[in-house]
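Next come the chains, spelled out residue by residue.
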Amino acid sequence: MFLNNYWYCAALPHEVGTKPLRRVICNEPVVLYRDIQGNPVALEDRCSHRQAPLSTGDVRGNNIQCVYHGFVFDDAGKCVHIPHQGNIPSRAHIRAYPAEEKWGFVWIWRGDAKKADASKISHLPWTTDAKRSPVYVYFHVKANHQLVADNLLDISHADYLHSNTLGSKSGIMGGPQPDKVEFRTWQEKDEIHSFRKLTNVEVASFPKKWGNFTCNVDRTNIQMWEAPNTVHVHLEFENHENKILINHDHIMTPETETTSHYFMDFTRNFGIDGDQYPTDEDIYHEQHSVISGDDLPMVEAQQENINLCKGVVDVPVKADKLISAVHRHLADMYLAQDIIVPTYVLVRR
Amino acid sequence: MFLNNYWYCAALPHEVGTKPLRRVICNEPVVLYRDIQGNPVALEDRCSHRQAPLSTGDVRGNNIQCVYHGFVFDDAGKCVHIPHQGNIPSRAHIRAYPAEEKWGFVWIWRGDAKKADASKISHLPWTTDAKRSPVYVYFHVKANHQLVADNLLDISHADYLHSNTLGSKSGIMGGPQPDKVEFRTWQEKDEIHSFRKLTNVEVASFPKKWGNFTCNVDRTNIQMWEAPNTVHVHLEFENHENKILINHDHIMTPETETTSHYFMDFTRNFGIDGDQYPTDEDIYHEQHSVISGDDLPMVEAQQENINLCKGVVDVPVKADKLISAVHRHLADMYLAQDIIVPTYVLVRR
Amino acid sequence: MFLNNYWYCAALPHEVGTKPLRRVICNEPVVLYRDIQGNPVALEDRCSHRQAPLSTGDVRGNNIQCVYHGFVFDDAGKCVHIPHQGNIPSRAHIRAYPAEEKWGFVWIWRGDAKKADASKISHLPWTTDAKRSPVYVYFHVKANHQLVADNLLDISHADYLHSNTLGSKSGIMGGPQPDKVEFRTWQEKDEIHSFRKLTNVEVASFPKKWGNFTCNVDRTNIQMWEAPNTVHVHLEFENHENKILINHDHIMTPETETTSHYFMDFTRNFGIDGDQYPTDEDIYHEQHSVISGDDLPMVEAQQENINLCKGVVDVPVKADKLISAVHRHLADMYLAQDIIVPTYVLVRR
Numbered sequence: 001m002f003l004n005n006y007w008y009c010a011a012l013p014h015e016v017g018t019k020p021l022r023r024v025i026c027n028e029p030v031v032l033y034r035d036i037q038g039n040p041v042a043l044e045d046r047c048s049h050r051q052a053p054l055s056t057g058d059v060r061g062n063n064i065q066c067v068y069h070g071f072v073f074d075d076a077g078k079c080v081h082i083p084h085q086g087n088i089p090s091r092a093h094i095r096a097y098p099a100e101e102k103w104g105f106v107w108i109w110r111g112d113a114k115k116a117d118a119s120k121i122s123h124l125p126w127t128t129d130a131k132r133s134p135v136y137v138y139f140h141v142k143a144n145h146q147l148v149a150d151n152l153l154d155i156s157h158a159d160y161l162h163s164n165t166l167g168s169k170s171g172i173m174g175g176p177q178p179d180k181v182e183f184r185t186w187q188e189k190d191e192i193h194s195f196r197k198l199t200n201v202e203v204a205s206f207p208k209k210w211g212n213f214t215c216n217v218d219r220t221n222i223q224m225w226e227a228p229n230t231v232h233v234h235l236e237f238e239n240h241e242n243k244i245l246i247n248h249d250h251i252m253t254p255e256t257e258t259t260s261h262y263f264m265d266f267t268r269n270f271g272i273d274g275d276q277y278p279t280d281e282d283i284y285h286e287q288h289s290v291i292s293g294d295d296l297p298m299v300e301a302q303q304e305n306i307n308l309c310k311g312v313v314d315v316p317v318k319a320d321k322l323i324s325a326v327h328r329h330l331a332d333m334y335l336a337q338d339i340i341v342p343t344y345v346l347v348r349r
Numbered sequence: 001m002f003l004n005n006y007w008y009c010a011a012l013p014h015e016v017g018t019k020p021l022r023r024v025i026c027n028e029p030v031v032l033y034r035d036i037q038g039n040p041v042a043l044e045d046r047c048s049h050r051q052a053p054l055s056t057g058d059v060r061g062n063n064i065q066c067v068y069h070g071f072v073f074d075d076a077g078k079c080v081h082i083p084h085q086g087n088i089p090s091r092a093h094i095r096a097y098p099a100e101e102k103w104g105f106v107w108i109w110r111g112d113a114k115k116a117d118a119s120k121i122s123h124l125p126w127t128t129d130a131k132r133s134p135v136y137v138y139f140h141v142k143a144n145h146q147l148v149a150d151n152l153l154d155i156s157h158a159d160y161l162h163s164n165t166l167g168s169k170s171g172i173m174g175g176p177q178p179d180k181v182e183f184r185t186w187q188e189k190d191e192i193h194s195f196r197k198l199t200n201v202e203v204a205s206f207p208k209k210w211g212n213f214t215c216n217v218d219r220t221n222i223q224m225w226e227a228p229n230t231v232h233v234h235l236e237f238e239n240h241e242n243k244i245l246i247n248h249d250h251i252m253t254p255e256t257e258t259t260s261h262y263f264m265d266f267t268r269n270f271g272i273d274g275d276q277y278p279t280d281e282d283i284y285h286e287q288h289s290v291i292s293g294d295d296l297p298m299v300e301a302q303q304e305n306i307n308l309c310k311g312v313v314d315v316p317v318k319a320d321k322l323i324s325a326v327h328r329h330l331a332d333m334y335l336a337q338d339i340i341v342p343t344y345v346l347v348r349r
Numbered sequence: 001m002f003l004n005n006y007w008y009c010a011a012l013p014h015e016v017g018t019k020p021l022r023r024v025i026c027n028e029p030v031v032l033y034r035d036i037q038g039n040p041v042a043l044e045d046r047c048s049h050r051q052a053p054l055s056t057g058d059v060r061g062n063n064i065q066c067v068y069h070g071f072v073f074d075d076a077g078k079c080v081h082i083p084h085q086g087n088i089p090s091r092a093h094i095r096a097y098p099a100e101e102k103w104g105f106v107w108i109w110r111g112d113a114k115k116a117d118a119s120k121i122s123h124l125p126w127t128t129d130a131k132r133s134p135v136y137v138y139f140h141v142k143a144n145h146q147l148v149a150d151n152l153l154d155i156s157h158a159d160y161l162h163s164n165t166l167g168s169k170s171g172i173m174g175g176p177q178p179d180k181v182e183f184r185t186w187q188e189k190d191e192i193h194s195f196r197k198l199t200n201v202e203v204a205s206f207p208k209k210w211g212n213f214t215c216n217v218d219r220t221n222i223q224m225w226e227a228p229n230t231v232h233v234h235l236e237f238e239n240h241e242n243k244i245l246i247n248h249d250h251i252m253t254p255e256t257e258t259t260s261h262y263f264m265d266f267t268r269n270f271g272i273d274g275d276q277y278p279t280d281e282d283i284y285h286e287q288h289s290v291i292s293g294d295d296l297p298m299v300e301a302q303q304e305n306i307n308l309c310k311g312v313v314d315v316p317v318k319a320d321k322l323i324s325a326v327h328r329h330l331a332d333m334y335l336a337q338d339i340i341v342p343t344y345v346l347v348r349r
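Residue numbers (the working numbering), protein chains in the order written: chain Z, 1 to 349; chain H, 1 to 349; chain X, 1 to 349.
Here chain Z stands alone, though its shape is the one from the complex (with noise of 0.2 Å):
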């Protein structure tokens, strides 16, 4: 159902701690807590003796003791200590998974722990960039993560779910076009990109406040998606008056086939020195209510209505060259680790 051997984003690194943490991904559930190195770990959460969650027992140093019978796991699922015997058979040994805390996000590894390599994950370089002040959000959402993704990818929805607050109005039909629309998307590898510039555009109410804008605009955004499911936006407003950069990361990880985690950072070139607007409340507060107020709703509705209407298959346009050419690249992917293809990236060629 879900790719094997790669990294999935598992957690914000202020919800790893001491305490440990459960969370169910791709189906299976897992328990995230943090060594005595302050390194994460992920295991299993799940006692291999009678399937009791570990997230409900208690770290010791670089272990983590059930709470039922007192079995310990050590960082690498081994099974270290069952009370009363001596002998530990090796079936009480639980699955591990690879972690790895990067770019401000833990990231666990999916498949073959021998090929587990950090220099795979993502990279989101201006999550560290000094000049940078990144902001990050989680959002649970009640469908399947390649709907969230798709949300994205298809960039023209901003001028219609996003019309009052980051889309331009040349959406509405009859409104202000822009001189000029460019457009291509080409893949790299792994990686589909995609380049889209409105020249001479009428600017968003929110990009208008970050830059302080007063006339038209010309929009750029440079978008790349990687998998399993991460989808990078680099956004540039520029004019005579101003020019702002923001690079966004969207990293959504399945929960269920039904339902994700989603996990975003937003870094910014522009109101990150002191305490005016935009601050980084500011920003968390206006990703947060776009988000759950526009996105979320809709991709939760477009679940409802595929699980009614078993069966359905998308109608792509010419706006989905990037949407298609992921989910084609998908299909692919599914196909080379011998898991059936999911409707939802099924695409006519």
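There could be a bad hint or two in this list.
What the hints assert, rightly or not - Heads up, incomplete: computed chain X residues facing chain Z, CB under 7 Å, no partners named: (1) HIS157; (2) LEU161; (3) MET298; (4) GLN302; (5) ASN305; (6) ILE306; (7) LYS310; (8) VAL315.
Note that these hints are calculated values from the structure, not bench results. Don't be surprised by glycine CBs; every beta carbon is placed ideally from N, CA and C.
Since the structure of chain Z is already known, use the hints to place chains H and X on it.
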């Protein structure tokens, strides 16, 4: 699962306007709105592009625009606008349901649109009779639509379930019995009729108040069922003191296999002029309280038992002549449409 | 799915009266009430006519009348009255469950009624011992009944899950250990027994208060499991200061495959005369808080993990001798009744 080529009641007129209404009917999402002439329009509530519900979008003249990416559909379900794209593929069109407003209800046709004939909508002329004052009620029910219909078709339950409100006391063991009971059922084409008259029977509290009766009455109950699932009830209470007439109609539309939309009108020839009891509001509250308080908890409890005890079949008795006739007819109708006969209309013959 | 020809605990006596009680037992709806002698009656909670729950009807002498259409059933499930009809078809009769009130519980027999023998109900003589004061508790549990039983059968969990209330501190790694641990299990016909004695062990807070102990105690725990799912626990805490005795019994009845009814009695030989601690109320609240606070969240969390990780099988250890013996015996019992052995009692042999 559900019968085709019938008019299904979809909404009360005040529910349908220029703000779109989503309603799941026969397991299909439907969006209802009014065109510029004020006529009801019913479309699949599912944008062909990416399954977004159109009901979260905006009505634009006779058309509706998806809020997600701006696709526009006309009142026949034809996709007439795709942003940033000239040609519109035919598979972008969605299903339209012929829709009519009649007798105080909005109806949609499920099946072959060419066969949609508004004259085949259930006849409810008393709702437009100047000497009657129709009261309308809507209920959402957590039970199969046929359980609700059966509740109305077995006339005898009034004496038990509604012994304090609508029934006679004759249902109580050892209670006062009517002088005479007449009961017959018959079929006319696709309609199943019944006639039941109790002579000189104690009058229940509701009709007692309605007609200011102090003595026993003759109670006549004429019913007619017609497909897909309308139950017409004509009631007379009469003695030397007074005679009152009531027509009420019950139209049950499947939402899913285990939930229903239940529409009702109630018309009477008394208390319609002034503000004396019973006003329209009195009638509304009485009907609402009896149905919500007695009938719906019962059908929902039956549904729970049916869910637990898979495959149980009813044991019909003599008093079920009407219900059995309807079930037999329904079974034939399902077979004629090559639909598996649902367990709840199976009758031992 | 569930074992036949056993007495299942169905209710506490105060729950059963002339107002009918609905309780789902082994996936079947059951109605419980008392006849005119005060004896419990248990019938299918499903009128044969149209699946209405009889529990919403009225007890009339030894009989129960359906509120929907007035059908009457006697205490053997025989339909004895159908309104407006003389003959009663035999398929109108419903299932009756032999029912007995004994040891402070109401029991029903599921299986061949001819084999129902009240002497085969679990023996709980301490509940009627004049020198004991039984306290009864009922819990509804969102987990399979066997998970609740297993919780009681693995004696060792007290030292972990209940380390602050019922267990000794010896469970804690590096904690004080008893001088001696004796443990043995054995089978006598259909009963599985265990004996566990800890010599000179720190006493946990509850028994400490109960017996006013200030020093270490010897703790003896004698348990017996019998089918379908009763766990008897005999507890002794003893040192030179005092000796206290407790018998508590736990009877788990399946509601569905994933939910249970959990009945418990707790009898003691101390604090039963006056109104000093521990009164019956103290005991009730202590047991309620330990079980609701520690045990039930654990078994419900196990059930969640089992739901997620289909087909997982436990890894039993030496301390699970008793539980494994019970599972092996249960597996044989299911096979003997031609019932598929549930995954949760599969044991690697």
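We went through each hint and held it up to the structure:
1. Because the beta carbon of HIS157 (chain X) sits about 5 Å from the nearest beta carbon in chain Z, less than 7 Å, this interface hint is met.
2. Interface restraint check for LEU161 (chain X): the shortest CB-CB distance to chain Z comes to about 6 Å, inside 7 Å, so the restraint holds.
3. Interface restraint check for MET298 (chain X): the shortest CB-CB distance to chain Z comes to about 6 Å, inside 7 Å, so the restraint holds.
4. A least Cβ separation of about 5 Å between GLN302 (chain X) and chain Z falls short of the 7 Å threshold, and the interface hint therefore holds.
5. Nearest Cβ of chain Z to the Cβ of ASN305 (chain X): about 5 Å, under the 7 Å cut. The hint holds.
6. Because the beta carbon of ILE306 (chain X) sits about 6 Å from the nearest beta carbon in chain Z, less than 7 Å, this interface hint is met.
7. Interface restraint check for LYS310 (chain X): the shortest CB-CB distance to chain Z comes to about 10 Å, outside 7 Å, so the restraint is violated.
8. Residue-level restraint check for VAL315 (chain X) holds (minimum Cβ-Cβ distance to chain Z is 5 Å; threshold 7 Å).
Hint compliance for this structure: hint 7 alone is broken.
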